[in-house]
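Each chain, written out:
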Amino acid sequence: MVDKKQALLLEDFDIEIVSRDLNFYYGDNQALFGISVGMPAKQVTALIGPSGCGKSTFLRTLNRMNDIIPGARVEGQVLISGKDIYQHGTDVVKLRRKVGMVFQKSNPFPKSIFENVAYGPRIHGTRDRQQLAAIVEKSLVRAGLWEEVKDRLNDNALGLSGGQQQRLCIARALAVDPQILLMDEPASALDPKSTARVEDLIGELRELYTIVIVTHNMQQAARVSDFTAFFYEGALVEFNATKLIFTNPKEKQTEDYITGRFG
Amino acid sequence: MSGSFSENLIYGLLRAITYAIVLLVGYILFDIVIKGLPVLNWEFVSGYPHQSGASGGILPAIAGTFYLVLGTISVALPLGVGSAIYLSEYAFQGKFTTIIRMAIITLAGVPSIVYGLFGLGLFVLFFRFGASILSGSLTLACMVLPTIIVASEEALRAVPKGYREASLALGATKWETIRTNVLPYSLSGMITGSILGVGRAAGETAPILLTVAAFFLPKLPNSIFDQVMALPYHLYILATQHPDAEKVRPMQYGTALVLLLLVLGLSLGAIFIRAHYRKKYKW
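Protein chains in written order, with my numbering: chain L, 14 to 276; chain S, 2 to 284.
Excised from the complex, chain S in its bound form:
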């Protein structure tokens, strides 16, 4: 009897903890949607900001974050997938590879402000890219690389050994085998993992703080060497640095909502891509 009691207690407790987390996330989302929705209109997403962001739209920040996401993906995806292929398919599985893997995992745990300072030192100052989309994208790419590498390696490992053997036994070279009978089947996992990683990076403030983000720049960038505004940084400015923080509260919520929708869009994209490839290559 007491056994069944403690069983029920643990069950109830664990369930309560889970519900509490869902409730918390739900509250945050609810709060942002309710308070952000009133300001969300065409003018808000397509207009330029006025009075340091106290009125007008947030188009430059949306565009800035969009470019940063694009830049981050185009730098981090090839690098991450490439090193994942090397690590899982080519590298001799010895001590050295283990050390590399450990380094990658450690890299994933480095605080984002450290990436920001690293990007400031290397890309902004040393390479003289200045505070620019290029510097910001490279910095964010460094930050999401570990996620992409780990996700890609997992996706590669999930491909059955039989496909590789069959392909090699037919006289395909190693690269032909990887290109035609490993990558296509692991692509969905790679892209899904990568996009989720980049979605996380899209909301980061610290790495872009020192490498790209402009406080107030009501225009669209002309090149990758331009500074831009970005949604998370804009939100941070409005919430903490703006002289009239109370008055711009609705703008903050609107910005947060747009950022959420953008990340949600990325995640939906990842799900769509995964479903598409799963259907194409299922085993």
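Bound-form chain L, shown alone:
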């Protein structure tokens, strides 16, 4: 019965991100064990699980951010729009343009608000000042920050509040026009009000982008996501529609985790 519901749900969507038998190693330590999952397009998928379960590691395999870690190694496939991103000859620059990322700790550059958002388009070749200004405005509007900063675009970004900084980072990621947005605990360092703001924002952005969000906050996963993947000790335990995961988990481990019996 549950299986049928899940099948129905997933069938309604194009699957944009697929990982097949994905293993990941930090040197000799295996961090991910045979992850196979397909995440639907233009939906919010939450990755949940206790600390150290591999959810952030998995997220970072999707835009190859793990490449910069010395000794990191990947086996298996990650397909984005049908193309294996670990195939030899993949242009990582193009990939990361398509797959944007927002980090746990907001990390705006110590430059002006304008320069922060314009950074991505600039390195990808947009020189025209008016065009850049248009991109900056559009991105800031989408990130829900435009009204607050439109009169001080030339101020240093580090003068913004924590919540504003994180939304600026989202705007910066949107400015290169990605298809997919990866968010690594984007609200974990924010106060409740700013968190609510970011969560609302995710709700607005899901129309336009495929979003994968790592969160250790289960209420947040329940609030913002359409699908949820539960990770435990480097393995994917269960993947399903968020409603089903939270009301009718198939696996005992999932149930234990979401009911707070461990974590």
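Some clues are possibly wrong.
Said to hold, decoys possible - Taking lysine-lysine and the BS3-like style, the derived pairs with C-alpha atoms no more than 25 angstroms apart in a straight line are:
no.: 1; chain 1: L; residue 1: Lys-124; chain 2: S; residue 2: Lys-281
no.: 2; chain 1: S; residue 1: Lys-281; chain 2: L; residue 2: Lys-107
no.: 3; chain 1: L; residue 1: Lys-96; chain 2: L; residue 2: Lys-151
no.: 4; chain 1: L; residue 1: Lys-55; chain 2: L; residue 2: Lys-256
no.: 5; chain 1: S; residue 1: Lys-248; chain 2: S; residue 2: Lys-36
no.: 6; chain 1: S; residue 1: Lys-281; chain 2: L; residue 2: Lys-118
no.: 7; chain 1: L; residue 1: Lys-96; chain 2: S; residue 2: Lys-175
no.: 8; chain 1: L; residue 1: Lys-111; chain 2: S; residue 2: Lys-96
no.: 9; chain 1: S; residue 1: Lys-248; chain 2: L; residue 2: Lys-124
no.: 10; chain 1: S; residue 1: Lys-280; chain 2: L; residue 2: Lys-163
no.: 11; chain 1: S; residue 1: Lys-162; chain 2: S; residue 2: Lys-36
no.: 12; chain 1: L; residue 1: Lys-107; chain 2: S; residue 2: Lys-175
no.: 13; chain 1: S; residue 1: Lys-162; chain 2: L; residue 2: Lys-124
no.: 14; chain 1: L; residue 1: Lys-111; chain 2: S; residue 2: Lys-175
no.: 15; chain 1: L; residue 1: Lys-118; chain 2: S; residue 2: Lys-280
no.: 16; chain 1: L; residue 1: Lys-163; chain 2: S; residue 2: Lys-281
no.: 17; chain 1: L; residue 1: Lys-118; chain 2: S; residue 2: Lys-162
no.: 18; chain 1: L; residue 1: Lys-111; chain 2: L; residue 2: Lys-124
no.: 19; chain 1: L; residue 1: Lys-124; chain 2: S; residue 2: Lys-36
no.: 20; chain 1: L; residue 1: Lys-96; chain 2: L; residue 2: Lys-107
no.: 21; chain 1: L; residue 1: Lys-163; chain 2: L; residue 2: Lys-124
no.: 22; chain 1: S; residue 1: Lys-175; chain 2: L; residue 2: Lys-118
no.: 23; chain 1: S; residue 1: Lys-162; chain 2: S; residue 2: Lys-96
no.: 24; chain 1: S; residue 1: Lys-162; chain 2: S; residue 2: Lys-175
no.: 25; chain 1: L; residue 1: Lys-55; chain 2: L; residue 2: Lys-111
Stated by the list, open to error - Computed list of chain L residues with no C-beta within reach of chain S, every gap over 10 angstroms:
no.: 26; residue: Gly-40
no.: 27; residue: Pro-83
no.: 28; residue: Val-87
no.: 29; residue: Gln-90
no.: 30; residue: Lys-96
no.: 31; residue: Asp-164
no.: 32; residue: Cys-182
no.: 33; residue: Arg-185
no.: 34; residue: Asp-204
no.: 35; residue: Glu-212
no.: 36; residue: Val-250
By construction, these hints were calculated from the structure, which means they are not laboratory data. The beta carbon of each residue, even a glycine, is placed where N, CA and C say it ideally should be.
Got chain L sorted already, so can you dock chain S onto it with the hints?
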């Protein structure tokens, strides 16, 4: 009670040691300023020396040291910053890199006369640059390289990881990331460290003794292949080699004062640059 006594004793002792050092430096500076100031005038800094430096000015020595500092910076800064970038951003952090770092630190401890002999062997004789500004600058550059590399690596490491990650995640290449989001923030530390290193080198006698410095050459150089006089060497000559050392004592103090002011100027420049960049990129 006895605990508080020994506490006070140690405190007093440490304070006395610190004051003694300050006093010593202060005395040296005071002595040089008091005895050097009377000879310091426009003619002294803009004139040519006469009678083996017993009278006249020290312009050629000022110019020589100035050119050497300029030459040293223009050789050592790109090399040092370049290898610091390689070591901290690109190199695989393994045994080999550790050995390189240890070699660099060892290099910093090599006596300056050894650099002088090295420069004589490699630049003056082997490359046939002769005793020249070029040889001297290259020799001094070798000497300050370790300082610059260490300072630059520290400055690079001080840039938060988040900037690099954010830039890479936006699709910037590694070099774009370093150029736009690492170097600008570490530049102040690099330049400050480098200038302080070069300021130290400006006062060295041994490395230039065999590679560039002229005993008495009352003219300005025409090219980088010319020999020049230099302040520290001129001072050394006046103090120890001059037939009438007692008589030229005021000239010695004047030369020392000018050298001090030059190094002070460099340090002030470093502070100014640091303040400027700190204001521009603060985090």
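Structure-based check of all given hints:
Simply put, Lys-124 of chain L and Lys-281 of chain S have alpha-carbon atoms about 8 angstroms apart, close enough for the 25 angstroms limit, and the pair holds. Distance restraint check for Lys-281 of chain S and Lys-107 of chain L: the Cα-Cα separation of roughly 31 angstroms exceeds the 25 angstroms cut-off, and the hinted pair is therefore not satisfied. For the hint pairing Lys-96 of chain L with Lys-151 of chain L, the CA-to-CA distance comes to about 29 angstroms; that exceeds 25 angstroms, so the pair is violated. Taking the CA atoms of Lys-55 of chain L and Lys-256 of chain L, the gap is near 17 angstroms; set against the 25 angstroms cutoff, the hint holds.
Our distance criterion of 25 angstroms between C-alpha atoms is met by Lys-248 of chain S and Lys-36 of chain S, whose separation comes to about 13 angstroms. Proximity of Lys-281 of chain S to Lys-118 of chain L is assessed by CA-CA distance (about 22 angstroms); at most 25 angstroms being required, the pair is judged to hold. Distance restraint check for Lys-96 of chain L and Lys-175 of chain S: the Cα-Cα separation of roughly 23 angstroms lies within the 25 angstroms cut-off, and the hinted pair is therefore satisfied. A C-alpha spacing of about 37 angstroms is found between Lys-111 of chain L and Lys-96 of chain S, which places the hinted pair above 25 angstroms, so the restraint is violated.
A distance of roughly 60 angstroms separates the Cα atoms of Lys-248 of chain S and Lys-124 of chain L; the hinted pair therefore is violated under the 25 angstroms criterion. As the CA atoms of Lys-280 of chain S and Lys-163 of chain L are separated by approximately 23 angstroms, the hinted pair is consistent with the 25 angstroms bound. Note on Lys-162 of chain S and Lys-36 of chain S: the hinted pairing is violated, with a Cα-Cα distance of about 52 angstroms set against a maximum of 25 angstroms. For the given pair, Lys-107 of chain L sits about 14 angstroms from Lys-175 of chain S by alpha-carbon distance, which is consistent with the 25 angstroms threshold.
For the hint pairing Lys-162 of chain S with Lys-124 of chain L, the CA-to-CA distance comes to about 16 angstroms; that is within 25 angstroms, so the pair holds. Using a Cα cut-off of 25 angstroms, the hinted pair Lys-111 of chain L and Lys-175 of chain S holds, with the two alpha carbons roughly 17 angstroms apart. Distance check on the hinted pair: Lys-118 of chain L and Lys-280 of chain S sit about 23 angstroms apart at the alpha-carbon level, within 25 angstroms; holds. Of the supplied pair hints, the one linking Lys-163 of chain L and Lys-281 of chain S holds, its CA atoms being roughly 21 angstroms apart against a limit of 25 angstroms.
At most 25 angstroms may separate the alpha-carbon atoms for a hinted pair to count; Lys-118 of chain L and Lys-162 of chain S meet this at roughly 11 angstroms. Annotation: proposed proximity of Lys-111 of chain L to Lys-124 of chain L holds, straight-line Cα distance about 24 angstroms (limit 25 angstroms). About 50 angstroms separates the Cα atoms of Lys-124 of chain L and Lys-36 of chain S, which puts this hinted pair outside 25 angstroms; it is violated. For the proposed pair Lys-96 of chain L and Lys-107 of chain L, the alpha carbon gap of about 12 angstroms is at most 25 angstroms, so the pair holds.
Using a Cα cut-off of 25 angstroms, the hinted pair Lys-163 of chain L and Lys-124 of chain L holds, with the two alpha carbons roughly 16 angstroms apart. A hinted pair counts as satisfied when its Cα atoms are at most 25 angstroms apart, and Lys-175 of chain S with Lys-118 of chain L qualifies at roughly 21 angstroms. Between Lys-162 of chain S and Lys-96 of chain S the alpha-carbon distance is near 23 angstroms, which keeps this suggested pair within the 25 angstroms criterion. Proposed proximity of Lys-162 of chain S and Lys-175 of chain S is supported: the alpha carbons are some 13 angstroms apart, at most 25 angstroms.
Note on Lys-55 of chain L and Lys-111 of chain L: the hinted pairing holds, with a Cα-Cα distance of about 14 angstroms set against a maximum of 25 angstroms. Residue placement check: Gly-40 of chain L keeps its beta carbon more than 10 angstroms from all beta carbons of chain S (closest about 12 angstroms). Not every C-beta of chain S lies more than 10 angstroms from that of Pro-83 of chain L, the closest at about 6 angstroms, which undercuts listing it as non-interface. Remark: the non-interface label on Val-87 of chain L is consistent with the geometry, its nearest Cβ contact in chain S lying 17 angstroms away (cut-off 10 angstroms).
Listed as a non-interface residue, Gln-90 of chain L keeps its Cβ farther than 10 angstroms from every Cβ of chain S; the least gap is roughly 21 angstroms. The non-interface label for Lys-96 of chain L is consistent with chain S: the shortest C-beta to C-beta separation is roughly 16 angstroms, beyond 10 angstroms. The Cβ of Asp-164 of chain L lies farther than 10 angstroms from every Cβ of chain S, with a closest approach of about 22 angstroms, so its non-interface assignment holds. Listed as a non-interface residue, Cys-182 of chain L fails to keep its Cβ farther than 10 angstroms from every Cβ of chain S; the least gap is roughly 7 angstroms.
At roughly 7 angstroms from the closest C-beta of chain S, the C-beta of Arg-185 of chain L falls inside 10 angstroms, breaking its exclusion from the interface. No Cβ of chain S approaches the Cβ of Asp-204 of chain L within 10 angstroms, the least distance being about 20 angstroms, so the stated non-interface status holds. With a least CB separation of 21 angstroms from chain S, Glu-212 of chain L remains clear of the 10 angstroms interface cut-off, as annotated. Under the 10 angstroms C-beta cut-off, the non-interface status given to Val-250 of chain L relative to chain S holds; the minimum distance is some 28 angstroms.
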